[in-house]
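Quick mapping for you: the protein sequence lines, in order, are chains A and B.
Residue 198 is where the first sequence starts when you use our numbering, and the numbers rise one by one after that.
Residue 682 is where the second sequence starts when you use our numbering, and the numbers rise one by one after that.
Bear in mind the hints are in silico, worked out from the structure with no lab data behind them.
Quantities reported herein were computed from a predicted structural model and do not represent experimental measurements.
Backbone N, C-alpha and C fix where the C-beta goes; we use that ideal spot for every residue, glycine too.
Incorrect hints may have been included.
Stretch by stretch, here's where chain A covers chain B in the computed footprint (C-beta under 8 Å, at least three residues) [unchecked claim]:
1. 814-825
2. 913-926
Restraint ranges, calculated between C-beta atoms of paired labels, are given here [said to hold, decoys possible]:
3. B:Arg898 x A:Arg658: 20 to 28 Å
4. A:Tyr705 x B:Ile997: 43 to 51 Å
5. A:Ser371 x B:Glu831: 30 to 38 Å
6. B:Gln901 x A:His409: 18 to 26 Å
7. B:Ser982 x A:Gln724: 25 to 33 Å
In the DSS-like style, the derived pairs of lysine-lysine whose C-alpha atoms are separated by at most 30 Å in a straight line are [said to hold, decoys possible]:
8. B:Lys764 x B:Lys918
9. B:Lys747 x B:Lys836
10. A:Lys224 x B:Lys836
11. A:Lys525 x A:Lys316
12. A:Lys240 x B:Lys836
13. A:Lys702 x B:Lys747
14. B:Lys832 x A:Lys224
15. B:Lys853 x A:Lys726
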Amino acid sequence: MTIKTARNLRRISQVLFFLIFFWLILKTTFEVSFNPAEVAEIKLPYPVSLALEFDPLAALMTLLSSWTVYEGMLWSLVILIPTIFIGRFFCGWVCPLGSLNHWLSEFKSERRSFRGKGKIESNRYRPYQRIKYYVFFFCLGAALLGSLQAGLLDPLPLLARSIGTAVLPTLHASAAGTVAWANATGITLLAVVVQFLYDLIAPVFLTFRQAHFHGIVTIGLFFALILVLNRVFTRFWCRAICPLGAMLGIFSRFAIFGLKKDKSSCDNCNLCLESCQGADNPDVGMRWRQTECHLCLNCQAACSQGSLSFRFFPDQEDTQENPSGTPKVDASRRKVLASVIGGVAVVPMFRAGDAFQINRSELLIRPPGSHPEEEFIARCIRCGQCMRVCPNNALHPTLLESGIEGVWTPYLVARIGYCEPTCTLCGQVCPTGAIRKLTLTQKVGDKDTPPDRIGTAFVDRGRCLPWAMATPCIVCEEWCPTSPKAVYLEETVAVDRRGNQIKVKRPYVDPALCTGCGACEFACPVQDKRAICVTSVGESRSQTNQILLERHRKRPSTQSAVNN
Amino acid sequence: MKRREFLKCTGQAMALAAATGGTGLFFHNRLSNEVRTVRTKTAVFEVPFDPLLPRVTLARHESPQKALQAALDAIGGIGRFIKPGERVTVKPNVGWDRTPAQAANTNPELVGEMVRICLSAGAAEVIVADISCNDPRRCFLRSGIREAAEKAGAKVILPGDDDLVEIDIGGKLLTRWPVARCFIDTDRFINMPIVKQHSLSRCTIAMKNLYGTIGGRRNQLHQEIDQAIVDLAAFCKPTMTVVDATRVLLRGGPTGGSLDDVAVENSVMCATDQVAADSRACEFLGLRGEQVEHIVLAGQSGLGLVDYRAAGYHEIA
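Start from the sequences, fold in the hints, and give me the full structure.
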């Protein structure tokens with residue numbers, strides 16, 4: 198196999214893995230199936246979180262923070278173990294965010310650093326590339342104390358989150374907006390053509406309904422920033438920030454595969470540098486850095502003299518003029534230690550703050566089946582799969598509802614969507630088990646099992662129509678899905694300002710029956726701030742966030758199922 | 682500076698100034714041209730009254746299909762309602778993400794059979810649609826109605842925002858309201874409610890089932906629910922009403938959930954008078970038509986007869 202063929206294989210591999218990743222995200226959505234056998238419990242036809250389960254960083258960090266490797270996360274070894282032998286092939290051949298960065302870095306540019314000599318210089322190894330190791334060790338320190346921060350910057354969750362909760366909803370809004378605009382012009386031909394194009398993309402790329410996500414702008418802009426930085430430095434994200442790249446670099450310490458340089462044939466043309474992705478010093482005369490190389494093979498393919506060759510056991514003599522490669526991470530022990538200490542120190546700071554426990558937002562309603570907050574924060578990688586799959590658009594990325602520590606973790610906004618009682622999709626797609634897989638019985642409960650509760654509803658008597666405005670309503674009771682209904686009514690006579698006696702039914706909530714699904718809040722006709730609202734109190738996952746004494750006595754037997 | 686240069690420079694500046702000022706003046710206090718035209722359309726699909734036939738029929742049988750056939754035959758047979766080549770819309774109650782046994786949605790076997798009967802009568806197309814409360818995909822899946830209807834040969838539509846048109850309903854309370862196209866742009870309309878308890882309107886049967894034809898802020902209609910139901914019933918007059926009383930939800934409606942709240946009645950009704958149909962069907966819930974305000978109000982508004990026996994009632998054992 199010639200080097201050009203190998204490089205083409207790498208290109209095919211990049212496209213293929215990107216398409217698989219993208220397709221899995223598109224399929225992370227509730228699709229109607231007609232098989233009556235599936236009616237009792239609706240399951241997704243594909244293992245849509247598979248790509249995330251191959252993520253070694255998520256596996257390592259959740260291992261450190263929760264001392265368990267959850268279900269499919271063992272797949273990550275398929276990436277990690279070959280890396281130990283051959284280096285960061287994942288970055289150059291597999292990673293979909295890496296590929297995206299690669300492609301965006303390859304456009305022609307007016308920028309000096311992207312042409313000729315400028316490009317050659319910008320592709321030399323630079324100290325800024327150490328940042329990613331500090332990021333990695335910072336996340337590691339935090340994970341040791343049970344706070345999973347790696348998910349913010351881990352490329353696979355990052356891309357899943359960005360596409361699922363920002364890019365695709367934005368595409369949906371633009372497509373719908375274009376159709377509306379075309380219709381408004383009154384030009385029939387234009388409207389027909391635009392509608393045709395819309396119908397073409399809609400079944401593949403758009404969800405059943407337009408999704409609206411809290412915090413979408415922060416996710417979208419962050420993603421855009423990562424993409425734009427490629428126009429300043431080739432693959433800036435991969436070189437400087439990516440903690441997964443750093444981890445794979447560290448695991449390349451004993452690699453037996455590497456670059457061999459031959460000084461005698463080299464004519465110092467620097468073409469190897471011009472096409473280098475990782476900025477790992479592929480040129481003769483500099484020390485090649487195993488930890489930075491993405492194994493993209495561009496340097497060897499660019500070399501007209503055949504001076505460069507990737508091979509097992511490169512076994513190159515180390516001379517002044519032609520130093521051999523090094524597998525060592527270019528980060529001093531002190532700074533690594535300082536980064537770990539930083540991560541370790543930030544967790545007590547988070548916890549000494551109020552958002553985690555003392556003054557936790559009442560709006561922080563976690564998805565059904567979620568672990569207690571401590572365990573949840575230790576497991577959630579913020580991939581957004583639960584938000585994407587939720588058929589009611591009920592789950593959203595938080596901004597500050599769970600403090601800085603929990604940015605972009607999921608929470609329920611009942612005003613936008615309620616938790617469908619018979620739905621267990623969020624737990625099915627969660628790759629790290631922050632949301633447990635619930636059976637239908639565990640979710641809705643039966644005579645022996647209590648239902649999974651995510652909160653409790655409260656009537657705001659100052660806004661409720663029968664309570665405050667002598668007007669009949671009962672919509673909350675109508676929608677309440679528990680049986681018997683947690684919302685119950687008391688018939689009474691209200692008096693309006695003219696003194697008319699009006700028969701109304703006033704709603705009350707029975708906290709023993711309410712599961713906090715939020716259907717009442719969703720359906721309440723008081724459009725802006727609803728007259729009945731759910732808050733997190735009473736959630737099954739918490740021992741302390743309770744109203745009723747009996748919850749302490751009858752701690753659900755699901756506790757045994759929690760520890761998986 | 683030369684004269685030519687001076688004229689050129691000031692000319693450019695003046696042109697830009699004129700364009701800027703002109704744009705401001707042109708759009709100043711301009712009315713938005715978004716004046717929406719509202720369609721006025723009635724949804725009257727009734728067949729002419731036949732004095733020889735009853736207005737309401739009821740048949741009991743363990744097989745819902747047989748019960749439907751018997752009730753339908755007694756009211757004149759399908760040929761009276763559907764002519765070959767017509768487009769038929771069937772509107773079952775598919776409001777909630779519930780299984781058939783929980784009796785919150787119309788019996789899927791009954792829906793499937795109705796579709797088959799329409800097609801055998803020569804209908805060009807049968808559409809089954811409803812605007813659900815819960816996620817429509819889940820409602821149509823778990824109720825079994827999507828499967829039953831499609832197997833029988835119907836086209837199932839889950840109306841989205843794009844499928845709604847603003848209509849002047851012309852009611853006392855309901856004026857402009859978004860209605861799903863498939864319920865008005867059709868030749869025949871068959872309303873297929875299930876009998877359920879409802880804590881505000883006391884029962885939800887035929888006329889209340891018409892809520893599912895409209896979109897918008899339905900949750901506000903409860904503030905004057907009786908008038909809202911009557912307005913809808915005055916706007917939408919189905920070809921036939923087929924009431925599913927095979928399983929009746931006595932308590933905890935309209936969502937239900939517990940099988941303890943369900944009574945098995947094995948009955949199916951056909952009706953050309955939706956007021957009389959509601960009046961008869963509410964008896965399954967231990968009510969009488971005279972006790973239910975929206976039924977009484979509909980009778981007073983001349984939409985039908987509360988006294989279903991006077992309207993012509995035939996029961997097949």
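Against the structure, the hints come out as follows:
With 9 residues having a Cβ less than 8 Å from any Cβ of chain A, the stretch 814-825 of chain B passes the three-residue criterion, so the hint holds. For the stretch 913-926 of chain B, the proposed coverage by chain A is not satisfied: 0 residues have a C-beta within less than 8 Å of a C-beta in that chain, short of the threshold of three. For the pair Arg898 of chain B and Arg658 of chain A, the beta carbons lie near 22 Å from each other, so the given range of 20 to 28 Å is met. Against the hinted window of 43 to 51 Å, the Cβ-Cβ separation of Tyr705 of chain A and Ile997 of chain B comes to about 45 Å, which satisfies the hint.
For Ser371 of chain A and Glu831 of chain B, the hinted distance range of 30 to 38 Å is satisfied, since their beta carbons lie about 33 Å from each other. Evaluation of the 18 to 26 Å hint for Gln901 of chain B and His409 of chain A yields a pass: the beta carbon distance comes to about 21 Å. Our hint of 25 to 33 Å for Ser982 of chain B and Gln724 of chain A holds, since their Cβ atoms are close to 30 Å apart. Using a Cα cut-off of 30 Å, the hinted pair Lys764 of chain B and Lys918 of chain B holds, with the two alpha carbons roughly 18 Å apart.
Taking the CA atoms of Lys747 of chain B and Lys836 of chain B, the gap is about 23 Å. The hint holds against a cut of 30 Å. Distance restraint check for Lys224 of chain A and Lys836 of chain B: the Cα-Cα separation of roughly 25 Å lies within the 30 Å cut-off, and the hinted pair is therefore satisfied. For the proposed pair Lys525 of chain A and Lys316 of chain A, the alpha carbon gap of about 25 Å is at most 30 Å, so the pair holds. Taking the CA atoms of Lys240 of chain A and Lys836 of chain B, the gap is about 25 Å. The hint holds against a cut of 30 Å.
For the suggested pair Lys702 of chain A and Lys747 of chain B, the alpha carbons sit about 41 Å apart, so the restraint of at most 30 Å is broken. Distance restraint check for Lys832 of chain B and Lys224 of chain A: the Cα-Cα separation of roughly 26 Å lies within the 30 Å cut-off, and the hinted pair is therefore satisfied. Proposed proximity of Lys853 of chain B and Lys726 of chain A is supported: the alpha carbons are some 29 Å apart, at most 30 Å.
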